[in-house]
Amino acid sequence: TVDTHANNIMVVKVGDKFPDVTLFEGSPAGAVKTSEILAGKKVVLFALPGAFTPGCSKTHLPGYIEDYDQFKAKGVDTIVCVSVNDPFVMAAWGESFKVGDKIRMLADPRGELAEALDVVLDLTAVLGNKRSKRYSMLIEDGCVKHFNLEEDGGGLTCSLSNNLLSAI
Amino acid sequence: RFFSVAANASVIPSTPIKMKAFNGSETEDINTSQLFTDKKVVVFGVPGAFTPVCSNQHVPGFIEKAHSLASLGIDTIACVSVNDHFVMKAWAEKLNTGPQVLMVSDPTAEFTKSIGMDVDLTAGGLGVRSTRYAMVVDNGTVKQVMKEDSPGALDASSVDAVLAKLK
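As given, the protein sequences belong to chains A and B, one line each in that order. If you count the first sequence from 1, position 139 lands on 139 in the working numbering, and the numbers rise without skipping. If you count the second sequence from 1, position 162 lands on 162 in the working numbering, and the numbers rise without skipping.
You may find that some hints are simply not true.
[As the list claims (entries may be wrong)] Reference listing, derived: stretches of chain A covered by chain B, where coverage requires no fewer than 3 residues with Cβ under 8 Å from a Cβ of chain B:
{"#": "1", "stretch": "42-55"}
{"#": "2", "stretch": "77-87"}
{"#": "3", "stretch": "92-106"}
{"#": "4", "stretch": "119-131"}
[What the hints assert, rightly or not] With a straight-line cut-off of 20 Å between C-alpha atoms, the simulated SDA-like cross-links for lysine to any residue are:
{"#": "5", "chain 1": "A", "residue 1": "Lys130", "chain 2": "B", "residue 2": "Gly127"}
{"#": "6", "chain 1": "B", "residue 1": "Lys94", "chain 2": "A", "residue 2": "Gly100"}
{"#": "7", "chain 1": "A", "residue 1": "Lys98", "chain 2": "B", "residue 2": "Glu93"}
{"#": "8", "chain 1": "A", "residue 1": "Lys130", "chain 2": "B", "residue 2": "Ala123"}
{"#": "9", "chain 1": "B", "residue 1": "Lys94", "chain 2": "A", "residue 2": "Ala125"}
{"#": "10", "chain 1": "A", "residue 1": "Lys130", "chain 2": "B", "residue 2": "Lys113"}
{"#": "11", "chain 1": "B", "residue 1": "Lys113", "chain 2": "A", "residue 2": "Thr124"}
{"#": "12", "chain 1": "B", "residue 1": "Lys18", "chain 2": "A", "residue 2": "Asp141"}
{"#": "13", "chain 1": "B", "residue 1": "Lys113", "chain 2": "B", "residue 2": "Gly152"}
{"#": "14", "chain 1": "A", "residue 1": "Lys130", "chain 2": "B", "residue 2": "Asp120"}
{"#": "15", "chain 1": "A", "residue 1": "Lys130", "chain 2": "B", "residue 2": "Thr122"}
{"#": "16", "chain 1": "A", "residue 1": "Lys98", "chain 2": "B", "residue 2": "Leu95"}
{"#": "17", "chain 1": "B", "residue 1": "Lys20", "chain 2": "A", "residue 2": "Ala125"}
{"#": "18", "chain 1": "A", "residue 1": "Lys130", "chain 2": "B", "residue 2": "Lys20"}
{"#": "19", "chain 1": "B", "residue 1": "Lys94", "chain 2": "A", "residue 2": "Phe97"}
{"#": "20", "chain 1": "A", "residue 1": "Lys130", "chain 2": "B", "residue 2": "Gly98"}
{"#": "21", "chain 1": "B", "residue 1": "Lys18", "chain 2": "A", "residue 2": "Val126"}
{"#": "22", "chain 1": "B", "residue 1": "Lys94", "chain 2": "A", "residue 2": "Lys33"}
{"#": "23", "chain 1": "A", "residue 1": "Lys98", "chain 2": "B", "residue 2": "Lys94"}
{"#": "24", "chain 1": "B", "residue 1": "Lys94", "chain 2": "A", "residue 2": "Val99"}
{"#": "25", "chain 1": "A", "residue 1": "Lys130", "chain 2": "B", "residue 2": "Lys18"}
{"#": "26", "chain 1": "A", "residue 1": "Lys58", "chain 2": "B", "residue 2": "Thr27"}
{"#": "27", "chain 1": "B", "residue 1": "Lys18", "chain 2": "A", "residue 2": "Thr124"}
{"#": "28", "chain 1": "B", "residue 1": "Lys113", "chain 2": "A", "residue 2": "Val126"}
{"#": "29", "chain 1": "B", "residue 1": "Lys143", "chain 2": "B", "residue 2": "Ser10"}
{"#": "30", "chain 1": "B", "residue 1": "Lys20", "chain 2": "A", "residue 2": "Ala167"}
{"#": "31", "chain 1": "B", "residue 1": "Lys94", "chain 2": "A", "residue 2": "Ser57"}
{"#": "32", "chain 1": "B", "residue 1": "Lys143", "chain 2": "B", "residue 2": "Ala156"}
{"#": "33", "chain 1": "A", "residue 1": "Lys58", "chain 2": "B", "residue 2": "Lys94"}
{"#": "34", "chain 1": "B", "residue 1": "Lys94", "chain 2": "A", "residue 2": "Glu95"}
{"#": "35", "chain 1": "A", "residue 1": "Lys130", "chain 2": "B", "residue 2": "Glu110"}
{"#": "36", "chain 1": "A", "residue 1": "Lys130", "chain 2": "B", "residue 2": "Ala109"}
{"#": "37", "chain 1": "B", "residue 1": "Lys20", "chain 2": "A", "residue 2": "Val126"}
{"#": "38", "chain 1": "A", "residue 1": "Lys33", "chain 2": "B", "residue 2": "Ala123"}
In case anyone wonders, no lab produced these hints; they're calculated from the structure. For every residue, glycine included, the Cβ atom is placed at its ideal position computed from N, Cα and C.
One chain only, chain A, in its complex shape (with noise of 0.2 Å):
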């Protein structure tokens, strides 16, 4: 596990295990542990400041939902979004893009994975409480692979679907 004591948090990196944290699915009954989404899988990770917000709903996820098919052909198991959102919040944003299976919206409603990986955003002024930075990893078993943070929390840059899209 991430020591998160203040004092040695680092960012996460290519390299690391990534965190054993528990996430949300569907509901606050729908808890899932991100080891076992990990295990022995190829998995595409991406998470952003907030459900509904502009950039997240106009270019974020539809990236990626567009690029489902793409990273399928490249192996990838399962394709993950997280927000520091409540899990009816995620799920209805979700649905709202019509997601399906396509990708699996997990909420961290009280931003443990994103104090676990050190990329929590404090948006308190803007949308009430700290958030998670926009990022997107390629993780395989469990290992980071690839790991592209946009420094600034919230640009739309290196995190975008094509670029990880064509690290694979």
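Position chain B relative to chain A; hints supplied.
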């Protein structure tokens, strides 16, 4: 909870609390003074946008009977939830709230806490939220306050319960 606002209390603090509200067309800035001064307002609080009871019963009830409340002299029906304003707008559009119900976003729970209606739903993955309640407020003074025994219940704070109190 130490206290919840009661009848004859004021819900307009001296320093206005700033929030945002979706009015059916766009999201606007709104503060407590603007929301309550010189108006008869029915405010109801919900634990969360896109949650089952809130979505399937509580808000739709107020949309359906908005005209009945208007005919009883109510100027504004406001739904308050501890969600960001992007989520509130998306939820309002999904529920078709139109101009009938003002969907107010209280993302840090500042207003909700000011009236003692906050509840810790962290265990349920929702964080600090609003409990379920309804209030009739006249020019900033609480006339009626109906708080559910638990956030999941919908009884005293439903539109029918509010209508019964007003008639």
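The hints, checked one at a time:
no.	hint	result
1	42-55	holds (count 5)
2	77-87	holds (count 3)
3	92-106	holds (count 3)
4	119-131	holds (count 5)
5	Lys130(A) / Gly127(B)	holds, 12 Å
6	Lys94(B) / Gly100(A)	holds, 18 Å
7	Lys98(A) / Glu93(B)	holds, 16 Å
8	Lys130(A) / Ala123(B)	holds, 18 Å
9	Lys94(B) / Ala125(A)	violated, 26 Å
10	Lys130(A) / Lys113(B)	holds, 19 Å
11	Lys113(B) / Thr124(A)	holds, 16 Å
12	Lys18(B) / Asp141(A)	violated, 47 Å
13	Lys113(B) / Gly152(B)	holds, 19 Å
14	Lys130(A) / Asp120(B)	holds, 17 Å
15	Lys130(A) / Thr122(B)	holds, 15 Å
16	Lys98(A) / Leu95(B)	holds, 17 Å
17	Lys20(B) / Ala125(A)	holds, 12 Å
18	Lys130(A) / Lys20(B)	holds, 18 Å
19	Lys94(B) / Phe97(A)	holds, 13 Å
20	Lys130(A) / Gly98(B)	violated, 30 Å
21	Lys18(B) / Val126(A)	holds, 12 Å
22	Lys94(B) / Lys33(A)	violated, 30 Å
23	Lys98(A) / Lys94(B)	holds, 14 Å
24	Lys94(B) / Val99(A)	holds, 17 Å
25	Lys130(A) / Lys18(B)	holds, 19 Å
26	Lys58(A) / Thr27(B)	holds, 18 Å
27	Lys18(B) / Thr124(A)	holds, 14 Å
28	Lys113(B) / Val126(A)	holds, 19 Å
29	Lys143(B) / Ser10(B)	holds, 10 Å
30	Lys20(B) / Ala167(A)	violated, 41 Å
31	Lys94(B) / Ser57(A)	holds, 15 Å
32	Lys143(B) / Ala156(B)	holds, 15 Å
33	Lys58(A) / Lys94(B)	holds, 17 Å
34	Lys94(B) / Glu95(A)	holds, 11 Å
35	Lys130(A) / Glu110(B)	holds, 16 Å
36	Lys130(A) / Ala109(B)	holds, 14 Å
37	Lys20(B) / Val126(A)	holds, 11 Å
38	Lys33(A) / Ala123(B)	holds, 17 Å
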